[in-house]
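Listed here are the chains, written in short residue letters.
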Amino acid sequence: MLAFMGDILSNGPLYESTFRLAAVLAFAAVGEWVAERAGTINISVEAMLLGGHFGAAIAYTESTNFALAIAVGAIVGMLVASLQGYLSHYLSADQFGIGLTLNILLLGVAAFLQPKFDLSTKLANVVEIPLLSDIPKIGPALFAQRWPMYLIYVLIPVIWWLVMRTSWGLEIRAVGEDPQAADVSGINVNARRRQAILIAGLTSGIGGAVYLFGQVGRFESSNIGGKGIIALAAVIFGGWTLRGAVAGCLLFGYVDALRLNLPNILGYSLNSQLLASLPFLATIIVMLIFAKHTRQPRALAQPFIRGLK
Amino acid sequence: MDAGRIHGVLGQNGAGKSTLMKILIGLVTPDSGEIRIGDQLVTITSPQQAADLGIGMVHQHFSLVDALTVWENVILGEGGMRLDRKRARQLVGEIGDQYGLAINPDATVGNLSAGQRQRIEIIKCLRRNPKILIFDEPTSVLTPDESEMLFRVLRQVVQLEGRTVALVSHKLEEVLHATDDVVIMRDGKLVASMQTSGTKPEELARAMVGREVKLRGATPSSAPAVSAAKTGTPGLKIEGLSVSSRKEGVELNGLSLDVYPGEIVGVAGVEGNGQRVLADVLSSLRSFNAGTIEVNGVPVKEGGAGAMAHVGIAVIPEDRHDSGCVLNMSVAENLVLAGLEKVSQRGVVDADTVRENAEKLIAEFGISCQSPDAPMWTLSGGNQQRVVLARELSADPKVLVAAQPTRGLDVGAIEYMGDRLRLAADQGVAVLLISSELEEILHLADRIVVMYRGAIIGEMPNKDVDLERLGMLMGGAQ
Amino acid sequence: MTTSKGVLTRLKLTRDQVELLGLYVLCVVLALAISALLIEFNGSSWTRAVEAIFDGAFQSKGRWGETLRRMAPLLIVAVGSIVATRAGIVNIGQEGQLLVGTTGAAFVLTKIQPGNPAMLIVGLIVGAIVGAVWAGIAGWLYYWRKIPIVLSTLLLVYLSSQIASYTLTRRQLLLNVVPGEPNRLLLSDVTAPKSRLGIIEIFGNKFPLSVPIALLIAVVAAWVLTRTVWGFRLKMLGMNPRTARRAGVSETRYGMAAILVSGAAAGLAGSMMLAGGESQYKFSSGFASNAGWDGLLVALVARNNPIAAIPVALVFAGLRSASTFLSVAGIEGVLVDVVRALLVVALFIPPAISELRRKRRALANLTERT
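Protein chains in written order, with our numbering: chain A, 1 to 309; chain B, 310 to 787; chain C, 788 to 1157.
No wet-lab data here; the hints were simulated from the structure. The reader is advised that the hints may include incorrect statements.
[What the hints assert, rightly or not] Below, computed lysine to aspartate or glutamate pairings styled on DMTMM-like, alpha-carbon distance capped at 25 Å:
1. C/K933 with B/E557
2. B/K509 with B/E482
3. C/K1146 with B/D496
4. B/K651 with C/E1038
5. C/K1146 with B/D628
6. C/K1146 with B/D631
7. C/K1146 with B/D682
8. C/K933 with A/D94
9. C/K933 with B/E611
10. B/K651 with B/E673
11. B/K498 with B/E511
12. C/K933 with B/D631
13. A/K116 with C/E827
Build the full structure now, drawing on both the sequences and the hints.
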């Protein structure tokens, strides 16, 4: 048993894939965190990831430019977000229904359009950050990655700063806590909520693109398969703090990495269904242990119409 | 309205005063008519625009976000990009010093008392340097001292800085005491406008209601001279009731209390001494750690949903939207929420009975609504309260708990509520009146108990009430 | 005053309805136009697609029977999720509940006493119970640990397909080993012929008994939700849990009951699919094929009204049965997913707009009066 634990702890590839998988979740979770702080449970984050994934694949095929492809991924993510935002926070349609439909729609559109494009994509280059990447174990995992991965290091502090240190962010938080009070204070509640969803679209779109160029290399419509939902779980796991959400991503990324690396570490293959279930099972178990005492934004998932409580 | 004066806007619930004020700050758009500021014709479509025009409002409730800190709340909604924490905190301090509204800028609003919250509201409003300040029922959550201080601030704002203040209120004395001019609204119209000095309360009351009313204090007490004898089994007997939670600590601390059928017992006390918890326990919304509750000598099994309602404890809750009614259900449905057995047979609801019941109660309690099928949220606050009252009384309760039953209501509605409570007591119901308005308790209760830090610390009959001792008890002195 | 006002409100209502209808038409046309563009973009002809859809859904011989057969599970799932929504619970894991429920039913229908016709009833009941238990996990997670039901039901969907796959890799569970063929298909044995749902035939259109059962369920649910004490209390709970608690409605008991019913409905729907001939009476891990999602969407589009869910389910079923015809016409079957999703989005918009306007108008009326 001890030897087994030792194997797990000393396994370099495990750390590396933990980081990569966690990063993808984190892109989505960071944006989802903003959306939830503003009061929306945005299950279409799954569709936004997929949109970014697919958009980036097309853009790269056409341009062979990574940066451009990532930008296109972000735009596609925001397109999905604007649909979600417009329908749920302009027309006040059911946010879960819309989210679910968008998830199905994007999956359908991607599968439908994929044959139309002769997609050819590849992984981006590995860029090692000097000195930092020499740290044993975690150094290579964190600082010797394909370069799009590093975007997460920029995104997390920027988003945190936006939400916690700007007036806009203050309004976002107010809108998620008490839309009536925010409205009376002169804030356009539904506009703020739409903007928060757009941020989710932006980061998830980038996340989908980064996943393509930093991890899988080839587009498959099944690639995303629930990652958005796990990112959503990470936000809830983190008790609606960004720190907690990122920790959740690392944890869930680790479980996912374990799934991929366990057969190598153990030297024999485990039941494949059990392995595939692992991230979801772990998510449920972890939430079971930690979820109870967190305080959620008070107006989470409640639509706002002026004058109605 | 003239600059540099305090204007009172007086009117009953539903007279249109809050709508008028909502129009002024852009929450409601008028169908016709015009608003002028100075000589300028304006239309106001959003709170933001109202602020730009120099109109600020101090709300009765919900314009502060509980989860945010004081300084965050003060600058909320100002727009811009930079969140200058240092400047904002400084600002809170400055305005606080200037008007004597000191408050810790880093405190979380949710942890503050009603009086402190109102300070924040005022600071938030003054911060935008408005020409016109509107105060909506500002004293309904304040202690007398705090109200006095508020009026001092108003004087300062008006006299030293030349701003205009509109004080919206239903309390006569307050308007008489604190304003220069007063306008009176009824049924959406301005019915009178006069200078405050030299006006008599009776005059104002008549204009407000449109008929003669008996004012509180005009007769010393309407309570029967001989209080119902404390004999037999109490209708409601609470013994050693204790509630504590991890978050709040001890909330009720061995509270004991008897209410006999036919009497009204008033629970006096400064707000926040456990009154709300007591009402929640009697609404089966909270469970308790120790103690017993008996109704007519039969102990109540605690814990289950509706356990209290089941044994005959009716409650008029402090916040009717929270646990008094279902806003998205119809009036008729709201009138049968707790008494479904009576309108159903073998698990099937009889629509005709529901309707008959509604029509009967609507007539009996004078509820004004479009039809029994109208959604509850289309009713005004006073009428929603009547629906709650009608339903609770129609269940033939043994005990009636009324928690702050007249909060936010106007003179006419208060009078009605008082009559109803008295009537219920006369019919043999044990009535427990929880109120932070001492006046109300003195007016209605046969017996007064004082609640302090989750326990009853003193008791006296109303007929030989010792106000001095009562005040000391409320402050915690035994 | 009352009469003139009455006439006015009635006039207004009809104007509302006309508006709503217009909006519906507009949005649906728009959704179809976008779909047509997509088809053209993909190099096929949209007129052929329309023909294929109409042929597949009801025009060709025997097709409307097929559409009805596919309607049944969608309707049952929809009714279940409507019950949950009434109690204020957002269960969006019907796809998983359906799949896991069917796994249970498949075991009974293929492995236990194949000659015994009573096993049909047992199978359906087991399917419903397993579906209910699967949904109940989410309910338990919520009432015990406050984990949002939206999230847990979704997570359970991903787990459910793994469970179904697992049972299909074990011979003692569901895997059917065909001698001489590689074991890759992961299909179950066909269900015992004696425990299948009866087939009704009208004018050459065949559909299983699940169709009238589903219709019956919808009607009964509509009655229960609007006319019974249980339905009343469920609604109260969904709209104001604290008031409901004071009035004697236990959130845990009623909420849990609602989520169990919705899970049971999904499980029953899947079991009846299997017993009614879906994929030649064989169970596979892809068996649910989005019937759970579709059923949920039916409920949402039908604005949580069980009766309105009937026509909506019919339209959705028509699209499903058309997808095979589309492939024959050289258009990819996934197109149907796209069209359906676009349609759903389109169908969400009109009632949302009209509800918003209605509330705004009522609020304006209210402020007029006060």
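Evaluation of the provided hints:
1. C/K933 with B/E557: Given pair C/K933, B/E557 holds - Cα atoms ~20 Å apart, limit 25 Å.
2. B/K509 with B/E482: Measuring from Cα to Cα gives roughly 10 Å; hence the hint holds.
3. C/K1146 with B/D496: holds (23 Å)
4. B/K651 with C/E1038: holds (22 Å)
5. C/K1146 with B/D628: With Cα atoms ~23 Å apart, C/K1146 and B/D628 stay inside 25 Å; holds.
6. C/K1146 with B/D631: holds (21 Å)
7. C/K1146 with B/D682: Distance of about 15 Å is within 25 Å: holds.
8. C/K933 with A/D94: holds (22 Å)
9. C/K933 with B/E611: holds (23 Å)
10. B/K651 with B/E673: holds (18 Å)
11. B/K498 with B/E511: The hint holds at about 20 Å.
12. C/K933 with B/D631: Judged against 25 Å, a Cα distance of about 20 Å means the pair holds.
13. A/K116 with C/E827: holds (11 Å)
The structure is consistent with each of the numbered hints, conforming to all of them.
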